[in-house]
Amino acid sequence: MDEPLVLIDGLTKRFGPGQRPAIERLTTRIEPGRVTGLVGPDGAGKTTLLRLIAGLLLPDEGRLAVCGFNTAADIGEIRRVVAYMPQRFGLYEDLTVLENLTLYADLRAVVGRERQEAFERLLTFTDLARFSDRLAGALSGGMKQKLGLACALVRKPRLLLLDEPSVGVDPISRRELWQMVYALVDQGIGVVWSTAYLDEAERCPEALLLSEGRLLYGGPPTELTHRAAGRTYAIREMEGDRRAILARALGRPEVMDGVIQGRSVRLLLAEGAEPPRPENVEAGAHAQVVPVPPRFEDAFMILLGGARANSPFAALARQNTVDGAVVEASVLTRRFGRFVAADRISFSVRSGEIFGLLGPNGAGKSTTFKMLCGLLRPSSGTAWVTGVDLATAPGLARARLGYMAQRFSLYADLSVQQNLDFFAGIYGLSVRAGREATARMVETFDLTPYLAASAGLLPLGFKQRLALACAVLHDPDVLFLDEPTSGVDPRTRREFWAHINAMVERGVTVMVTTHFMEEAEYCDRIGLVYRGQLIASGSPDELKVQARSATAADPTLEDAFIALIEAYDRKAAA
Amino acid sequence: MLRRLYALIVKELIANWRDKQTRMVLTISPIVQILLFSFAATQEVRNVSLAVVNQDWGGEARELVARFEGAPTVTDVRHLRGVAEIAPTIDARKAMMILHIGPEFSRRVQEGKTAEVQLILDGRHSNTAQILQGYATRIVEQFNGELAARRGGGRPASLVVARVWFNPNLETLWSTVPGLFAILTTVVGIMVSSLVVARERELGTFEQLLVSPLSSLEIVAGKATAALLIALALSTIMLLLAAFVLRVPVIGSVPLLYLGIAAHLGAVIGLGLFISSLAATQQQAIIGAFTFMAPSFLLSGFASPIENMPGWLRAVNELNPVRHFVLISKGTFLKDIPAGVVIDHLWPLLAIALVTLSAGAWLFRHKLH
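Protein chains in written order, with my numbering: chain A, 1 to 574; chain B, 575 to 943.
For the record, the hints were derived by calculation from the structure and aren't laboratory data.
Predicted model, so just to flag it, every value in this text is computed and none were measured.
Watch out, some of these pointers could steer you wrong.
Stated by the list, open to error - Computed list of lysine to any residue pairs in SDA-like fashion (alpha-carbon distance at most 20 Å, straight line):
1) Lys668/B to Val639/B
2) Lys941/B to Phe369/A
3) Lys594/B to Pro394/A
4) Lys594/B to Gln417/A
5) Lys156/A to Pro278/A
6) Lys687/B to Lys668/B
7) Lys668/B to Thr647/B
8) Lys941/B to Ala868/B
9) Lys941/B to Gly395/A
10) Lys668/B to Arg620/B
11) Lys156/A to Glu3/A
12) Lys594/B to Phe336/A
13) Lys941/B to Phe336/A
14) Lys594/B to Gln418/A
15) Lys594/B to Leu457/A
16) Lys941/B to Thr392/A
17) Lys941/B to Pro394/A
18) Lys594/B to Gly456/A
Unchecked claim - Facing chain B, according to a computed beta carbon distance under 10 Å, are these residues of chain A, among others:
19) Arg277
20) Gly425
21) Ala439
To be verified - Label pairs and their in silico Cβ distance ranges:
22) Gln595/B to Val431/A: 29 to 39 Å
23) Ala270/A to Lys941/B: 35 to 45 Å
24) Arg121/A to Gln595/B: 45 to 55 Å
25) Gln857/B to Ser539/A: 29 to 39 Å
26) Ala913/B to Ala138/A: 44 to 54 Å
27) Lys941/B to Ser539/A: 36 to 46 Å
28) Val431/A to Lys594/B: 24 to 34 Å
29) Gln87/A to Gln857/B: 16 to 26 Å
30) Lys941/B to Thr382/A: 32 to 42 Å
31) Gly507/A to Glu776/B: 34 to 44 Å
32) Arg175/A to Gln857/B: 51 to 61 Å
33) Asp133/A to Lys941/B: 46 to 56 Å
34) Thr382/A to Gln857/B: 31 to 41 Å
35) Glu114/A to Ala868/B: 45 to 55 Å
Note that the Cβ used here is the ideal one computed from N, Cα and C, for glycine as well.
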């Protein structure tokens, strides 16, 4: 066997006294000639580990050798053999594709013939040759990542470190990035691909699973997934409310974890347990409980000890439900100059429904989403929220909606209590109603121990709870969620969706925009936006059926997404 | 609506206070600056280094040299051996002023003729050189006067007795602090207001505000009010420091001064909101604030007299809020500025405030969509 590319022994890195180490006594090795997946939720220590390997940080304890060099002593050598692509690669948005490449070639002293060859190779490889005169700022998210990759590869490295290359990249570009990485491995480059999407681990022959700075598992992902073998089941052909069925299933002792997948509910059982019978969870007469293949995430959940999240919202009664459409888009169009970002988009969302907007980057889903929650004014067409026109009565409409942005944008310097008070205030709750509402939220989300703590210093799970609490404090009819749980560990994500599901049961309507497929599975209906248009809509299962073909008998939602877009492109080209 | 506005203002105040860096920048820096600049930015010339080239051995020459050496501002004296040493001494900044007495000096004085002495000054600091020239002229005049009296040749033709009003002892602190107070109040006002929106944009909380029932006008009003309260509090602290620590007299009407502060802050905060709406990041906001501050301070009359500016510039300068506020501030500190004069400068401030605040609010709304 070849010498390992990276050898890590008892590595520890701290960023401040009294803080939990970002990396704690980590021992592992990274082999050449393959993709190693560095998998874990946000805050697990992935970036820290990559920066340690790249020599940008120095270890506090332990040994770290990269291609036989010590990162502290031989930084020059490390620079020659390691290429590192950070999360936001330093592309200069005001330079063209070619100028960016030239800059990185200059920095790495790649000149003359070598440069010419490298540029030709990289532009062909990334398929960016057509765009070499375009400004980097005008590229789509996927193309930016490709250009970043090209810049990192100007000098051929022995080890390529990629920090979350698939964040903000739609499934199609993601698939292309993977193909490029496999091609690099064939050229003999060792690649480390870090990701918070657990399903990406399954694409790697070797995975390192990190959680809170510790290595939970290192080895082939299939081996870990195998631990969940025989413990994963799906309830199919259900009748009745799937969210209620999931809640009942999670209440049973043999069930360790469960998620909604379109019309099915997917369960992970405790070790040695028998699956529940359909009548145990009142799934209807025709329901079947069938075994399904395990996933990497199931194994991760087993390592984490499962998640039996039940939301206290289930217990709260709700009085007022809205009749008719809660959110309605009617020929919504938005132009930016000559560019039509959203083109005559119409759909409506019923009360108590979860509606998801999906689409590649720059396709218009965020534009549509923003027009519906009043962040952007449509060029033409109308957006209604609970029957109120956002253009004529924005204040009234906005009082009926709750909004939770990506990365929970809370006031980090305000305490938990101050955040809650503030949101109660700006939503116009009277002092007494505000006090009651905040007290209810504090109780519901167990925030009491953190009331005086600054929101920015909360653990991630509590940040998420507080953000949700602030968004629903005023008891909105409709909740807008912008990629609410991407990058969050599966346990926290389960808890979040348990709350959302419970709220939906009480009649709250949810609008979500995402390109995270697991979030899409929770939706009752999905609208697929591409090139500014709504090209498909329906339940996740209906979309999967549309994408069913001879080659893919049981497509995933991601397959369906790609198939629908490719079909649209073919039709447009014809 | 008031409830929402109140919540927003309280949030702004708490957020500015709880953010450690903002708190430091807002509270410590104006206080340090007013104390530091008051002592450092003095226009007096002290610690003068003097060099003497005396080619005359007569008593009159020695007496004149002694008068220069004995002057209280002169702390360092060196004697040069000849004219050739003059240039190197100035070049090396070993002396700010060189007194050169020629060989004929004492003889000519004794003969009752006009005798000349040469004074060489380092013009690289033109201000200092001018002041030193003034000192030197006074020493020589005194010497002349006493010489004339000793000879019984009658009194000098005329005598100028200077009385400096409003600042009888020519205390530099008295003339710097009132202007500095105006400048620092402006800095606080524009900084707080230009950063408020940019910071929320960077944190990602701005969208959260925009989807709330708060109207854009309410957001602008809340942010402006919070900025006004913060800036008022800080200028009060600076005023107290000026009056009780630096002991600069406050003779005029304090309520009128506060009217001026409020009107001026309104004008400046309007500009800050304008900058804020255009800036995507805090960095851009700071650059925008500086673009306003540098010219408006230079033209404010804080450092150089407005009367010396060309007419067209003076007309343009009427639009500069700092110019009006510096005048009100100086007038209130050192003299009992009449209410009429304050009002003459108050209404332009209010007019500017009305324009900048509405422009700021308009742009803020406009940029949202």
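Results of checking the hints against the structure:
Taking the CA atoms of lysine 668/B and valine 639/B, the gap is near 18 Å; set against the 20 Å cutoff, the hint holds. Between lysine 941/B and phenylalanine 369/A the CA atoms are separated by roughly 19 Å; this keeps the pair inside 20 Å, and the hint holds. Between lysine 594/B and proline 394/A the CA atoms are separated by roughly 36 Å; this puts the pair beyond 20 Å, and the hint is violated. Restraint check for lysine 594/B and glutamine 417/A: satisfied, since their Cα atoms lie roughly 19 Å apart, inside the 20 Å limit.
Proposed proximity of lysine 156/A and proline 278/A is contradicted: the alpha carbons are some 56 Å apart, above 20 Å. The straight-line distance between the Cα atoms of lysine 687/B and lysine 668/B is roughly 33 Å, outside the 20 Å bound, and the hint therefore fails. For the proposed pair lysine 668/B and threonine 647/B, the alpha carbon gap of about 16 Å is at most 20 Å, so the pair holds. A C-alpha spacing of about 26 Å is found between lysine 941/B and alanine 868/B, which places the hinted pair above 20 Å, so the restraint is violated.
Distance restraint check for lysine 941/B and glycine 395/A: the Cα-Cα separation of roughly 18 Å lies within the 20 Å cut-off, and the hinted pair is therefore satisfied. Annotation: proposed proximity of lysine 668/B to arginine 620/B holds, straight-line Cα distance about 15 Å (limit 20 Å). Using a Cα cut-off of 20 Å, the hinted pair lysine 156/A and glutamate 3/A holds, with the two alpha carbons roughly 19 Å apart. Annotation: proposed proximity of lysine 594/B to phenylalanine 336/A is violated, straight-line Cα distance about 39 Å (limit 20 Å).
For a cut-off of 20 Å, the pair hint linking lysine 941/B to phenylalanine 336/A stands: about 13 Å separates their Cα positions. Annotation: proposed proximity of lysine 594/B to glutamine 418/A holds, straight-line Cα distance about 17 Å (limit 20 Å). Between lysine 594/B and leucine 457/A the CA atoms are separated by roughly 14 Å; this keeps the pair inside 20 Å, and the hint holds. A threshold of 20 Å between alpha carbons decides the hint, and for lysine 941/B with threonine 392/A the separation of about 19 Å falls inside it, so the pair holds.
Our distance criterion of 20 Å between C-alpha atoms is met by lysine 941/B and proline 394/A, whose separation comes to about 17 Å. Between lysine 594/B and glycine 456/A the alpha-carbon distance is near 13 Å, which keeps this suggested pair within the 20 Å criterion. Contact between arginine 277/A and chain B, as hinted, is not supported at the beta carbon level, the nearest pair being about 45 Å apart and thus beyond 10 Å. Interface hint status for glycine 425/A: upheld, as the beta-carbon distance to the closest one in chain B is roughly 2 Å, under 10 Å.
With its C-beta approaching chain B no nearer than about 17 Å, alanine 439/A sits outside the 10 Å limit, and its interface hint is violated. In this structure the supplied range 29 to 39 Å holds for glutamine 595/B paired with valine 431/A, their Cβ-Cβ distance being about 32 Å. Separated by about 55 Å at the C-beta atoms, alanine 270/A and lysine 941/B break the suggested range of 35 to 45 Å. Distance hint check for arginine 121/A and glutamine 595/B: the Cβ-Cβ separation is about 46 Å, which falls inside the suggested range of 45 to 55 Å.
Evaluation of the 29 to 39 Å hint for glutamine 857/B and serine 539/A yields a failure: the beta carbon distance comes to about 47 Å. Between alanine 913/B and alanine 138/A the CB atoms are about 60 Å apart, so this pair departs from the stated range of 44 to 54 Å. Judged by the Cβ atoms, the range 36 to 46 Å given for lysine 941/B and serine 539/A holds: they are separated by roughly 39 Å. Taking the beta carbon of each, valine 431/A and lysine 594/B are about 30 Å apart, inside 24 to 34 Å as hinted.
Remark: the range hint 16 to 26 Å for glutamine 87/A to glutamine 857/B is upheld by a beta-carbon distance near 21 Å. Checked against the hint of 32 to 42 Å, the C-beta distance between lysine 941/B and threonine 382/A comes to roughly 23 Å, which is inconsistent with it. Separation of glycine 507/A from glutamate 776/B is about 36 Å and conforms to the stated range, judged on CB atoms against 34 to 44 Å. A C-beta distance of roughly 37 Å is found between arginine 175/A and glutamine 857/B, which places it outside the suggested range of 51 to 61 Å.
Between aspartate 133/A and lysine 941/B the CB atoms are about 31 Å apart, so this pair departs from the stated range of 46 to 56 Å. Checking the proposed 31 to 41 Å range against threonine 382/A and glutamine 857/B shows it holds: the Cβ atoms sit about 38 Å from each other. Take glutamate 114/A and alanine 868/B: their Cβ atoms lie about 48 Å apart, and the range 45 to 55 Å holds.
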